[in-house]
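J.: Residue strings, one per chain:
2 protein chains.
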Amino acid sequence: MEKIEEHRCFGGLQQRWRHSSTALDCMMTFSIYLPPAHEENAPPVLWWFSGLTCNDENFAAKSGAQRLASELGIALVMPDTSPRGEAVADDNAWDLGQGAGFYLNATRQPWAAHYRMYDYLRDELPTLVARHFPVGAKNALCGHSMGGHGALLMALKNPGRYCSASAFAPIVNPSQTPWGEKAFSAYLGADKASWHAWDSCELLLRAPDSAKLPMLIDQGDADAFLAVQLQPARFAEAARSRDWPLELRIQHGYDHSYYFIASFIEDHLRFHAGYLFN
Amino acid sequence: MEKIEEHRCFGGLQQRWRHSSTALDCMMTFSIYLPPAHEENAPPVLWWFSGLTCNDENFAAKSGAQRLASELGIALVMPDTSPRGEAVADDNAWDLGQGAGFYLNATRQPWAAHYRMYDYLRDELPTLVARHFPVGAKNALCGHSMGGHGALLMALKNPGRYCSASAFAPIVNPSQTPWGEKAFSAYLGADKASWHAWDSCELLLRAPDSAKLPMLIDQGDADAFLAVQLQPARFAEAARSRDWPLELRIQHGYDHSYYFIASFIEDHLRFHAGYLFN
Numbered sequence: 001m002e003k004i005e006e007h008r009c010f011g012g013l014q015q016r017w018r019h020s021s022t023a024l025d026c027m028m029t030f031s032i033y034l035p036p037a038h039e040e041n042a043p044p045v046l047w048w049f050s051g052l053t054c055n056d057e058n059f060a061a062k063s064g065a066q067r068l069a070s071e072l073g074i075a076l077v078m079p080d081t082s083p084r085g086e087a088v089a090d091d092n093a094w095d096l097g098q099g100a101g102f103y104l105n106a107t108r109q110p111w112a113a114h115y116r117m118y119d120y121l122r123d124e125l126p127t128l129v130a131r132h133f134p135v136g137a138k139n140a141l142c143g144h145s146m147g148g149h150g151a152l153l154m155a156l157k158n159p160g161r162y163c164s165a166s167a168f169a170p171i172v173n174p175s176q177t178p179w180g181e182k183a184f185s186a187y188l189g190a191d192k193a194s195w196h197a198w199d200s201c202e203l204l205l206r207a208p209d210s211a212k213l214p215m216l217i218d219q220g221d222a223d224a225f226l227a228v229q230l231q232p233a234r235f236a237e238a239a240r241s242r243d244w245p246l247e248l249r250i251q252h253g254y255d256h257s258y259y260f261i262a263s264f265i266e267d268h269l270r271f272h273a274g275y276l277f278n
Numbered sequence: 279m280e281k282i283e284e285h286r287c288f289g290g291l292q293q294r295w296r297h298s299s300t301a302l303d304c305m306m307t308f309s310i311y312l313p314p315a316h317e318e319n320a321p322p323v324l325w326w327f328s329g330l331t332c333n334d335e336n337f338a339a340k341s342g343a344q345r346l347a348s349e350l351g352i353a354l355v356m357p358d359t360s361p362r363g364e365a366v367a368d369d370n371a372w373d374l375g376q377g378a379g380f381y382l383n384a385t386r387q388p389w390a391a392h393y394r395m396y397d398y399l400r401d402e403l404p405t406l407v408a409r410h411f412p413v414g415a416k417n418a419l420c421g422h423s424m425g426g427h428g429a430l431l432m433a434l435k436n437p438g439r440y441c442s443a444s445a446f447a448p449i450v451n452p453s454q455t456p457w458g459e460k461a462f463s464a465y466l467g468a469d470k471a472s473w474h475a476w477d478s479c480e481l482l483l484r485a486p487d488s489a490k491l492p493m494l495i496d497q498g499d500a501d502a503f504l505a506v507q508l509q510p511a512r513f514a515e516a517a518r519s520r521d522w523p524l525e526l527r528i529q530h531g532y533d534h535s536y537y538f539i540a541s542f543i544e545d546h547l548r549f550h551a552g553y554l555f556n
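Heads up: the protein sequence lines correspond to chains U and F, in order.
Using our numbering, the first residue of the first sequence is number 1, and each one after it goes up by one.
Using our numbering, the first residue of the second sequence is number 279, and each one after it goes up by one.
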């Protein structure tokens, strides 16, 4: 573990760390925000999963989330979106390969050798964070677009592990929308039955009642990806059929950018605080 | 005037515009944030001047200022930091030429042909903004580093025009610090007497009492540029000698980055609101 950057921010510390990942078999960088001390309590962790083309820095620099994380006493962990490096398979397209790991474990070559973001984010990085930083035991998830997909699937596949999950403009049904179809074909192969394990709509329909946790989704209605790639109404419909505690908010005039995320990140932090400190 | 980008942000609009500048003799891009309507009043304008290597987007994306601008009803105008384009003189160094206009009117070639950021920001862009956007008549200034220098000199050279001025880690004495000496030598030539017209310490010492306006400066004490390039104590000392209404705040542990700006931008917006709405 090597600290490669540190900035004082809203009374806490914004840091970047590099480490060798076993799950991904490459060097990885993540960002973390440690809020100032709140009494004697170690802060719970909100995991932020970013979207296509992003790394660990986009949310750190553009969301303004540290203001609320400082006020509420929540640590933010911001991983990268894929394995990285010259030895790691890649593609010229921006929606496949490095920067586009889709938060799954790939089973097809050349991807299977490194693309195991699910294992990395479920097991390896939480263990590392718990060992090296003064954080508490409670966790919540939030993400954007491809990272919203990651946050929802991580919550749905691991009942009891997260207090709450939220997303901005998430990909909720990747097995039936173009970004997901392209990525899943490459990472998982042609057998669509294997895709369902990584599709939030499918996961929610099959989850046990014990997996229910509070969820919040914000979606801008001026988002150019809404109609074809995102379609959060599909997830809301699945949730309604299961009586699942999901709130889907349609935000008028907002697009897919970080200006949208910055505008509503406070609501998401306060939403998670309601469960992380319960 | 061509609108090249627009995003809903905190209920208002974040836009980028391109136009042909007469003062700079090139195409220029600026960003503007228009807050949601507050009763019937047109919002006053806070001008943000960015630092070395920045363009109009850094503050827009990283400061989080729109949250407060929305709440208070203040428009933000974020110009570029120099003339731009293939026909515009440049230098391989990051602290000279494009991205490093130093908010002055150059008198030496090859710079004098385009580098007239002072005229552009004092006359041309305010006229353009007043004509095309629903903004009020009151103005204030804020900037970072080289842009802090720009904000302070603009206020000091134009008594009565701005309600207030503030800065993060400004260059206050460029005629006697390395970044300024390099830039002024190139843009203004070797005669140091000509430099004083663009040096905030010199300007403050010579300003009429009628030029006094409220000023706020934040400076991080972990800023790597503090001791050699910035030295805000020189400006504070000049202000003290003139009984000038300046507050200089030293912020412990903060560096020169946008994480520092984001942490204190709310204070600056509220500081300016106290005068813009007076």
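Be aware that a few hints might be false.
Derived DSBU-like pairs: lysine-lysine, alpha-carbon spacing no greater than 35 Å straight-line [said to hold, decoys possible]:
1) F/281 to U/182
2) F/435 to F/460
3) U/3 to F/460
Quick list of simulated restraints, FRET-style, between CB atoms [what the hints assert, rightly or not]:
4) U/1 to F/475: 23 to 33 Å
5) U/1 to F/303: 49 to 59 Å
6) U/4 to F/531: 45 to 55 Å
No lab work stands behind these hints: they were computed from the structure.
Here the structure is a predicted model, which is why all the values come from computation and not from measurement.
The beta carbon of each residue, even a glycine, is placed where N, CA and C say it ideally should be.
J.: Give me the numbers of the hints this structure contradicts, sorted from smallest to largest.
T.: Numbers 4 and 6 - these are the hints that the structure violates, sorted from lowest upward.
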